[in-house]
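Protein chains in written order, with the numbering used here: chain A, 492 to 935; chain B, 492 to 935.
Derived by calculation from the structure, the hints in this document are not laboratory data.
Keep in mind that the hints are not guaranteed to be accurate.
[Said to hold, decoys possible] Residues on chain B that point at chain A, a partial pick, calculated with CB under 8 Å:
hint	residue
1	Leu674
2	Lys678
3	Phe683
4	Ile685
5	Asn689
6	Gln737
7	Asp754
8	Leu774
9	Ala780
10	Glu784
11	Pro805
12	Ile831
All C-beta atoms, glycine included, are put in the ideal place defined by N, C-alpha and C.
Protein chains: 2
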Amino acid sequence: MYEQVLALLEEKKYPELKAMLSEMNEADIAAIFEDLPPEKLPLVYRILPKELAAEVFVNMESDAQELLILAFSDNELREVLDELYVDDAVDMIEEMPATVVKRILQHTDPEVRKSINEILQYPEDSAGSLMTIEYVDLKKYMTVDDAFTRIRRTGVDKETIYICYVTDENRKLLGIVTVKDLLLSEKSKKIFEIMDTNIISVNTLEDKEVVADKFQKYDLLALPVVDQENRLVGIITIDDAMDVLQDENTEDIEKMAAITPTDKPYLKMSVFETYKKRIPWLLLLMVSATFTEKIIGHFEGALTACVALTAFIPMLTGTCGNCGAQSSATIIRGLSLGDIEFRDTFKVIFKEFRIALVCGITLGIVNFAKLMLFDDVGAYVALAVSFTMVMAVVFAKIVGSVLPVFAKKIGFDPAVMSSPFISTIVDAVTLLIYFKVATLILHL
Amino acid sequence: MYEQVLALLEEKKYPELKAMLSEMNEADIAAIFEDLPPEKLPLVYRILPKELAAEVFVNMESDAQELLILAFSDNELREVLDELYVDDAVDMIEEMPATVVKRILQHTDPEVRKSINEILQYPEDSAGSLMTIEYVDLKKYMTVDDAFTRIRRTGVDKETIYICYVTDENRKLLGIVTVKDLLLSEKSKKIFEIMDTNIISVNTLEDKEVVADKFQKYDLLALPVVDQENRLVGIITIDDAMDVLQDENTEDIEKMAAITPTDKPYLKMSVFETYKKRIPWLLLLMVSATFTEKIIGHFEGALTACVALTAFIPMLTGTCGNCGAQSSATIIRGLSLGDIEFRDTFKVIFKEFRIALVCGITLGIVNFAKLMLFDDVGAYVALAVSFTMVMAVVFAKIVGSVLPVFAKKIGFDPAVMSSPFISTIVDAVTLLIYFKVATLILHL
């Protein structure tokens, strides 16, 4: 597709290009446009039919948007801005440099500008910052027929018309009516007779994680956002909730790999930006590993007496680290999906203990057999290594499951208590067990 | 809430309980019911108003559903089944033991039973297995008014009415019309004049990952599922797509922690089931760690000559493992979000190389300073450790970024090439570098 567009563009076959693009989906066009040489972008963008153009614009990454805005005449800019929903305009503005923002706001309708500025006030990652103000509101004494008239008159500019919000004169949210309810009701029925008063809503200041959870739990298409006085100020639609869900998952995965989370895609980050997200954790974990140095230093005598012991250090710390990583990943995910709650702590620990015991014994036996059959070490060394394995695996799995639950309890993100962090603790304890066991069994 | 329900139940205050439950959301009721003592479940379920009861049933976990089905009379069972959408019925049946399935199918309407059996034929995780057959279909020569009549007549049983599908006499999918289009068009317009023929659809056999990606990319509310001849066989709604998205994320996180993925929530798995998902990877990685034993064994002479070197092994392998884990997690996530493509490979490697260089140098300098200032080791040992750090970090980050891209290219899931796997490779190479560098610098 990309090659075709580029070829038609090079050959200046603009009518063919226009015909081809008109048949395509806006998300696909946006993806192609982003990959075009930047100097071609304004030209090809102007080939698009007007309505499609605005839709393509919304679907593009912010750097392509910025490039276009700089190339736009005032008129073109105004046309695009008129087509944007307020939440999309806010998303865009948040990514732009100040001069571009100023120009955007200058050419926005004053009413809309006010809303944009209001939404920009909400804290990042709050429900307020995600919402749009384009929803259909109804009054309780309207009839179903009145409601349809209102939807037909105002619906074209609304982000969703399928969920309508019933408010009183103070904008307090009274109920919710779906278009399905409206279509399946008598035309003369009053809205208050059919509205659902059992409302799931979210406060403007609530975290976006709560927003995503509510969409999932209640299978919503849109979620009303209310202020402290329960006045309706906006709605969040499911497409935005899905993006939040993906962002939250990315954040968890990054934290679990000891990276400070970021919203920016990998390829858009500079080397230095990426470095800053990674180095603090690496330094912290490196310095924490000092414990392992001290432990080995302390048992230098034993190691000198039996140098063979050294060979198994990485295998032991590695395997036990993996065991801890499995437990912590499982528990962190369970906590984030709501499958595991704080009251399950003892159930979780007991379960991990039993899993650890069977895993540890399996690993210990296989390891013992391998050491005796293939490696030329004495039975005592094999026994020391294998026995350490069993004990350290049990420790690793219990630490790996307890720390995330505990972190959540004291208000930290459990995802931080994952593989790198757990490994650092497990390494130290594994070594302690190893040397204690070895000195006992080998009489060092 | 849970305590209140339990108290009212204990005191046999059934009318109060009914009033209270009637005001609540079905998902919340289901969550409370699942936690009740099993013997109370059928009783309290029968208190619910009939319509709410079916909705609560759909929201419950399969073990609670099974318990209820066993307690239901044939009539009760038929009533609940009548209210289920076909995709929910299929989900439920997939979790039930054979005898319960038999009883369910006996009491299902023959028409629906046929559809259920058809959907059960599709491979697990295919689009076909996710779909429902309850959609609104329209014909191209209908008017907008006809369309509304059809929606009003059949809509009550459809999972979504907001997206309607225009099919010809052979059930071929011709176009899509939204209720928004219908509401904003003249009543006398013909459907073919307003339908969107630029259709995003999915084939029955396509993987569920593709389904989730399409929902995200195109911001859909529903996705039509077609067979090889482009005949419409069903639709997938966004609530199911969101569940798929979460499942895919869980799978990735599990694979990244060296666990064989599973659909079952943690607390529902037996110790032995969990063990089976974890032990193969632990064994594989443990045996792979044999390389580290061999390397250390090979350099036993150097270690005997300078025992102090041993102390830094876990710190070096740990830190380099963390570096590799950061890169692999970033790249795996980028690949799964579509932010990184195969053609970006060289860009990625070059970027990781530069990041690795600054990270490695930072870590090396801090480590050198720490060793010289706080630990009582000679300058040569400090130099050997720190220089190893720089080189091994560069290696770790490049391996961590290349392997996931490469895995994806040859058709494997990149998530497998994550922390535990990378660490095993990085451990071995770090040791090799360490001993080579140490023997050179310390003339061992």
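Subject >> Proposed interface contact between Asp754 of chain B and chain A, which counts if any beta carbon pair is under 8 Å >> reply: violated (12 Å)
**OP:** With chain A as the partner, please determine if Lys678 of chain B meets the hint condition of a C-beta pair closer than 8 Å.
**Re:** violated (11 Å)
Original post:
Does Ala780 of chain B meet its interface restraint, that is, does its C-beta lie within less than 8 Å of any C-beta in chain A?
Top reply: Check passed: Cβ of Ala780 of chain B comes within 4 Å of chain A, closer than 8 Å.
Original post:
Hey, does the Ile685 of chain B contact hint survive, CB to chain A under 8 Å?
Top reply: Since the shortest Cβ distance to chain A is 14 Å, the answer is violated.
Original post:
Given Leu674 of chain B as an interface hint, is the shortest Cβ-Cβ distance to chain A below 8 Å?
Top reply: holds (6 Å)
Subject >> chain A contact restraint on Pro805 of chain B - CB to CB distance below 8 Å >> reply: With a closest approach of 4 Å, the Pro805 of chain B hint holds.
Subject >> Cut-off 8 Å, beta-carbon criterion: hint that Asn689 of chain B touches chain A >> reply: Hint holds; Asn689 of chain B Cβ to chain A Cβ min 6 Å, cut 8 Å.
Subject >> Hint validity - Ile831 of chain B Cβ closer than 8 Å to any chain A Cβ >> reply: holds (6 Å)
Original post:
Hint check: is the beta carbon of Leu774 of chain B less than 8 Å from a beta carbon of chain A?
Top reply: Because about 6 Å separates Leu774 of chain B from the closest Cβ in chain A, which is inside the 8 Å limit, the hint holds.
Original post:
Does Glu784 of chain B pass the interface hint, meaning its C-beta sits closer than 8 Å to a C-beta of chain A?
Top reply: holds (4 Å)
**OP:** With a cut-off of 8 Å on the beta carbons, see whether Gln737 of chain B makes it to chain A.
**Re:** This hint holds: Gln737 of chain B lies near chain A, its Cβ roughly 7 Å from the closest one there, short of 8 Å.
Original post:
Taking the least C-beta to C-beta distance, is Phe683 of chain B closer than 8 Å to chain A?
Top reply: violated (16 Å)
Violated hints for the displayed structure, listed by number in ascending order: 2, 3, 4, 7.
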